[in-house]
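J.: The residues making up each chain are set out below.
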Amino acid sequence: MITIYIYLTAAVALFAIALAGLLLTRHLLRKILALNVMGSAIFLLLVAIAYRGPEAPDPVPHAMVVTGIVVAFASTALAVALARHIHAETGMVHLPEEQA
Amino acid sequence: MIAWIIWLPFVGAVLCYLEPRIARLVGLAVAVLTLISIGQLSAEVMRNGAYSYPMGGWLAPLGITLWADGLAVWMLLLNAVVGLGVSLFASGYFKAPAAKHFWPLWLLLWGGLNGLYLSADLFNLFVTLEVVGLTAVALVTLSRERIALTAAMRYLLAAIFGSLAYLLGVALIYAQHSTLSLLLLADLNTTPGTLLALALMTFGLLLKTAIFPFHFWLPLAHASAPAPVSALLSALVVKASYYLLLRLWLFTYGDGLAAAAQVLALLGAAALLYGSLQAFRQRRLKLLVAYSTVAQLGYLCLALPLMFIGTSAAAYHGALYHALAHALSKAALFLAAGLVLQAYGHDRLSGLRGMATHLPITTFTVALAAVSLAGLPPSGGFIAKWWLVTAAIDSGQWVWALIMLAGGLFSALYLFRVLVIALLEPRSGAALHPVPRGLELIALALALLAILIGLRTPELLALLAPGLPLGGPP
Amino acid sequence: MNWDFWLPLLVLLSSLATGLLIFTLQGRLRNLLNLTGAAVTLVLVAIGGVGALRGAEHETRLPLLPGHDLLLRIEPIGLMFVALAAVLWFLTTLYAIGYLEGSPNRSRFFGFFSICITATMGIALSGNLLTFVIFFELLTLATYPLVVHPGTREAMRAGAIYLTYTLIGGAALLLGVIWLYTLAGPVEFTRGGTLAPLADSHQGALIAIFFLLIGAPAVKAALVPLHGWLPLAMVAPVPVSALLHAVAVVKAGAFGIMRVVFDVYGVELSAAWGLSGVLLLWAAATILYGSLQALKQDDLKRRLAYSTVSQLSYIALGVALLGPLGIIGGLVHLVHHGITKITLFFAAGNLAETMGIYRVSKVDGVGRRLPWSMTAFTVAAMGMIGLPPTAGFISKWYLALGGLEQGLPWIVGLLVLSGLLNAAYFLPVVYRAWFMPPKPEFPAATGQDAPWRMLVPTLATGLLSLLLGLFAFSPYSPLVLAQEIAAGISP
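Respectively, the protein sequence lines represent chains Z, S and E.
Going from the first sequence to this note's numbering is simple: count from 1 and add 48.
Going from the second sequence to this note's numbering is simple: count from 1 and add 856.
Going from the third sequence to this note's numbering is simple: count from 1 and add 4.
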């Protein structure tokens, strides 16, 4: 039982660190990475809660993780492609501080 | 049959991608067929009440169950009507290179939206939210301009962040209740765990709905996209996350949240005031319209606490009517802005003098949309405002009532500013490109619908009835 | 065909359809359609009127919201207003066709003109507060394009001020209506009002709601200090000023006040808590203020505008007096002022278009060049002052009697004073036009008077303002109708 708390705490800590990273860095790739780590933190959480003691683990969170990985892959791909285009257009790899 | 409502646009998207030459045809065909299937679904739901449909025969908790009740049908129809209008417009608006990318993305978006409205389990909702978010971001980049790319990036980062917050909430809910099905999760107790989950999910959804103070990504994203895309984003995409918010607060969590809902109303009021202020300061038409969206979404949040109090469904009806009227009038407004851009080559307000003489039909469209957005009779916006203010006064929440009335005046203020400029005498020598009459009429038709739904309320309300909010799903 | 159901709706549809079609037409065909539409409306109103006077109940009820209907009814008070609107629409359209000869965007003008009439008639025929609110706001929206029609900066500014006043008033009205509905359910207009049961328990709320409900009508009726938009709106073409001042907007405001006092609150409740007292003083103040401001104006249309500010409050005064004689005075002035004021505007328009005269200081000697127009002006001016045998005299007479009936002799003093002030700002115009030598800069004579399309309506309304006074006591006159109505309100 104690182990599950380790995983849960790790997941929350990862999420928090990555969130800080998302909000505090300017570099687009770092932001994307931060989002990825946040996703991984959630996956960690899900796998941890799938634990059911001596029985086989609960498949539903595992299914969620697998689907989640696919979704994360797609969104990361889009984000990186977009970042590349921004770099090609503007020469920068961070968002300009424009306000409407 | 119900599953086809989701699969049809996806199939169409693939076809459009593989064979760009028939993209327009496929897109329009899908639009019409989807509208027809949704029409059939709504007839069936009205006849037999809400029902669930397990896909592939696999039952919950492992299978994916679709759920069609009055609320789902309402949103599906909203999507279909606006979707058809925008599709017709887009088929005449986009030239070859952009059209190739528009149709597959738009159909994917539509499929995702339909899937979202029909989903009844939390994780499926996450997946569809992602589909919607990613395709919407991609659509923003269609114009290829630098400002669109950076706006899209901001949108994407916000969207993914929002989805992740939502997913975390879902994980927490599953941890405590071992189910993801909305049907089984009705009326949750407000334990700290579920409250945390709700807070996370709400945060994520507010971010996606661009409610103040999380609105930062919307104005540039909606303004720098091509006109039909802006219409889709403001009319349809932001409503999806709001719908989810509504489902969670009203159906899943129920009455325990009445006080907490006031926080949402506060944010809604702030959105209304801030968005209106910013809209008034804009010098360009599309940015003005985008900030108007920020303001109008505030109404939807203001409505939330009102749905918990009192026995009448006035606030619920008001919010949904507002969503419909806003979708129609905002789509019309963005399409009109697109035509203005095409005619004048820019959308600077100062250069639009005499638009009423140059583009009478489009100006009339703007006027009709303004009437509905300002909540003036006779329009859908007026009916929505009537219900919302009634609900507010009925429950003694005078502050919200006054703010809603003030919001209507603000909308009139910044929208009529556009009309004032349009009605000025035109300066001679303005270079104008011709604008296809058909496109003008499509935008006008959407604006007219926004007005007409204000006249046929009883029929439309019958659509909402199955699976009423305060009783929850059976 | 269920005539009882369809007639009120048809009255509205005849002007709405005309308006919508006009947007798409040009030239002679459009003018023909316009006049035909106005004639059809006139006929329908006449049919409805005759039916109503014989006791038929024409009622259109369409569900709008669950529990709330759109309700149109042809009944005596509304009939007076709708008949006024129908007759004057026809005449003003004829006038406008002549006045706007050659100017741009005429189809847009006439289209919105017709829709204004639809809104006005909707207000007149409303059977409940919700319907009233809807058409009231529609009137604001439809009149706006007319006010800004010239497209100049000045016109846009006037339009912006107009909208600001009327939309804020509209929001207050909506708040009042919704609040009242939450207390009393859907409120239909019933003689004597339906709110008596709530009087004890909700005194504070009812008092607040009274002023909210009166607010938007007070803006349109230009009660001081909500009158600011009216003189500015004079920048619009004469047919618009004529319509706004005689028929649509200002009368809709006065009419709204009537409805609230007679058919929502009822005479007794209005008298309670000093509500009608406040209205009485408010009207009296406006009567004086308007007249004093009129004295200062050199611009002819602005002088007429302030005259309207003052004269409209006669109607509010009559309503606030609450006694039968006062009510008769107020009711009948709705019609009499409309006819008389529109004559003045038509004549002013003739002066402007034919002779380029926009200011009182330039009016000298024009009586010789435009004898018919000035005769009509003179007759109408006498009506405003309240001299017999004009219609204006009849209204004033009853208002004075109404004041005495309620034990308020100062009302008579007020009316006499107002009459003197009216004389002070109208008689100089009349005198100068007839008795002073003409200014040298008059353009060369092209004919006897203004073009026929503009002259005929001027003479028609001028004559009517005289006939309504001479034949005030014959059956079916506005006065007799008002007497019947008043008997039902305050026996």
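Take these hints with a grain of salt, some might be off.
[Claimed, not checked] Below, a list of computed lysine to any residue pairs in the SDA-like style, where the Cα atoms sit at most 20 Å apart:
1) S:K956 to Z:A129
2) E:K300 to E:L424
3) S:K956 to Z:H133
4) E:K300 to E:L463
Hints are computed from structural coordinates only; laboratory data are not their basis.
J.: Starting from the hint list further up, note which numbers the structure goes against and sort them upward.
T.: Result: hint 4 breaks, nothing else.
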